[in-house]
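There are 2 protein chains.
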Amino acid sequence: MPRSVANHRQAVVELLAGAATIKGNRRVPLLDALGKPLAVDVHAPLSLPPFANSQMDGFAVRSQDIPDDGGQLRVAAPVPAGATPTALKAGYAAPIMTGAMIPEGADAVVPIEKASPGTFPDPTARDAVVDLPAVAPGTYVRNTGSDIRKGALALAAGTLLGPAQLGLLAALGLATVEVPEPLRVLLVTTGDEVVEPGEELTPGKIFDSNGTLLEASMIQAGLDVVRTGISDDDPAELLAVLDSFTREADHPVDVIVTTGGVSKGAYEVVRQAMAGQPVDFLPVAMQPGGPQGLGTFNGVPFLGFPGNPVSCLVSFEMFLRPALSEVMGTPAPRLVQKVHLAEPLSSPDGKHQVRRGTVAGDGILRMEGGAGSHLVHALARANALVQIPGDVTELTAGAEVEVWML
Amino acid sequence: MPRSVANHRQAVVELLAGAATIKGNRRVPLLDALGKPLAVDVHAPLSLPPFANSQMDGFAVRSQDIPDDGGQLRVAAPVPAGATPTALKAGYAAPIMTGAMIPEGADAVVPIEKASPGTFPDPTARDAVVDLPAVAPGTYVRNTGSDIRKGALALAAGTLLGPAQLGLLAALGLATVEVPEPLRVLLVTTGDEVVEPGEELTPGKIFDSNGTLLEASMIQAGLDVVRTGISDDDPAELLAVLDSFTREADHPVDVIVTTGGVSKGAYEVVRQAMAGQPVDFLPVAMQPGGPQGLGTFNGVPFLGFPGNPVSCLVSFEMFLRPALSEVMGTPAPRLVQKVHLAEPLSSPDGKHQVRRGTVAGDGILRMEGGAGSHLVHALARANALVQIPGDVTELTAGAEVEVWML
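As given, the protein sequences belong to chains A and B, one line each in that order. Heads up: take any position in the first sequence, counting from 1, add 5, and you land on my numbering. Heads up: take any position in the second sequence, counting from 1, add 5, and you land on my numbering.
These are calculated hints, taken from the structure and not from any lab test. Heads up, some of the hints might be wrong.
Which copy is meant is left open, because identical chains are indistinguishable; a pair holds if it fits in one copy or across any two.
[Said to hold, decoys possible] Here are the computed lysine-lysine pairs in the DSSO-like style, where the Cα-Cα straight-line distance is at most 27 Å:
no., residue 1, residue 2
1, K155, K94
2, K94, K119
3, K119, K269
4, K269, K28
5, K94, K269
6, K269, K155
7, K343, K28
8, K28, K155
As the structure is a computational prediction, the values presented were derived from the model and not from experiment.
Input sequences plus hints: build the corresponding full structure.
Have a look at this one:
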């Protein structure tokens, strides 16, 4: 009986878990960590803000110096941002800029717009005065540690590092950050009929799209990709390639992914090359992408995807990408949405079908192309993978379906 | 009167439009185009599939050779993928692999599972026969051009190039693709109080988070970022830096973005450095991120963002990022969702407020931190920007609000 999609995904998670543990972490400059997960908890080495500062351009005051109906204060020396001000004397108001340190003694800021006159006096003027309204203690003061206190958890391990998270680490004074060492994956496309894009296409041949499609997917998922050329349908040649990146390599790859050669035809090169290795070739109850290989080759985790481009993308999205999310903390899982079918749909009984479609702004799903796994042009128009469970065979127009947004 | 958010965004679009037109396009290997928009329409240089081929491992047959209740055919030489088969003679069935060319004369494929015996005969065997059920013409045949016909539009200019789109270009035999030349942006953070992460923090100083936060945002948006060190509050020094990347440069930058020094304080270095240049410093009816600079410096488009990190991120997301989407075709616009507030919210009258929040799987929005534009730790927890229009001052728990997903 074919294996369920969930069971096969779990098998891929278990296969990759060991490799991820062994890889460990590395410390990189902040911007090199963009899009990667944080490897370890980061606690704040200092409070933010590091000192009480002004939220406005205005006057720092002792709030008790101003009567309820307002009052006049003498103007002290201005406090620019970046300076350490002297203590504020009673009866004085210090011109202060946004972000500048609140002087000792001051407990509130009156914005310049509420002052009279409403502009700062010339810093060289003596005996300047300013009329200010009453102000409650703490007004427009950003207190030390009001965003985060020294020692508190700033970011938890596993947090995806985007602009805001890297901005926080920078604000905490950190110039580098620990991220997981990426997995190195060997990507081998196979097939006598396949030639590289840009080469000459002779009769019976097709251009390799799997290599580009999967390498791009893997790069987006944070993998280091090692490409070989296309392997033809000679198992000995494929074996030699795989040996050179595993048993014979100083730094073996962490994962092997092949395309093609896993079904039940007469020339299944990947099946033949894996003879004697602990690898299963099994049907998963999914369409496309049903035939899958899974195991280890010379001890290195191995995934054998089918040979059609749509099958490759579906295999990656349904198995490898979610397993990487779980095991490595990256990439972020696909956004799952419930949308409504524009047209009726039928699906084979007993197989989880993954169709391609476009979700428009109105939440209506239009299908792109039929079920055929060779329809790469239709795939390129789609923005969603449509998930149709194995026990669903007919859906009417307007029916709700789950999609994974690409 | 402050300018509306929409009007200021339009002003940024108009400012950048000229720069984008001048830059032109460049041709890059497929994988270097990942995440970038296609610059020109691409028409298919060949049909996909390039030739009629089998969708299954099975037997290629002339459908009229098999009676309605099935029949026996002689087994011809097998057709592996990548080969050019000889024509199929009447009364014969040719073992054929998935993706292999349909022999001349054949018009259907019977899957191996439906054949008896259900395995392929030894290719060296003579006089083998196979029992096959009747099959309709065209069954399991992928016709030439059924995905896309030679000459048809494969991808339209502006299409974002992800794995599927690059896979299609590869399938069409293309090894390179035209993408827009990226804009080069000079990013200058200013302030006497700001020091680089990793340096020593003396009293009154803070670490620069704006540089990291904005550079990361710009990288994700497809810009080439040129960083200077932090510029202090001396206008002459800032002027010298800006001159060196514009008037005095062999290849001037395409855009200048500064942070800080744009509001109404006494030490506004960016305002001072822009004296004599056609630059407006104006209030936008938005919070945070209200004070904005916009114009040209030595003819180069200039955007002056405020100095707080949250204001910087909001300025980027509300103005520069959408303008790039419109003018350059990349990045993709933020996903907009309607969600429901977990708690009541108040907002100042007359200002479009951009708060930070987290949307959970249940579509409920929880706020992260208050309105303060210095709350970078709260920002780092958020996954959404909450859009509260200027005429909304009170929202109850459960009220629907628009969010932009980060």
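How the hints compare with the structure:
{"no.": "1", "hint": "K155 to K94", "result": "neither (30 Å within a copy, 83 Å between copies)"}
{"no.": "2", "hint": "K94 to K119", "result": "within (21 Å within a copy, 97 Å between copies)"}
{"no.": "3", "hint": "K119 to K269", "result": "between (81 Å within a copy, 13 Å between copies)"}
{"no.": "4", "hint": "K269 to K28", "result": "neither (35 Å within a copy, 52 Å between copies)"}
{"no.": "5", "hint": "K94 to K269", "result": "between (89 Å within a copy, 26 Å between copies)"}
{"no.": "6", "hint": "K269 to K155", "result": "neither (62 Å within a copy, 32 Å between copies)"}
{"no.": "7", "hint": "K343 to K28", "result": "neither (37 Å within a copy, 41 Å between copies)"}
{"no.": "8", "hint": "K28 to K155", "result": "neither (31 Å within a copy, 46 Å between copies)"}
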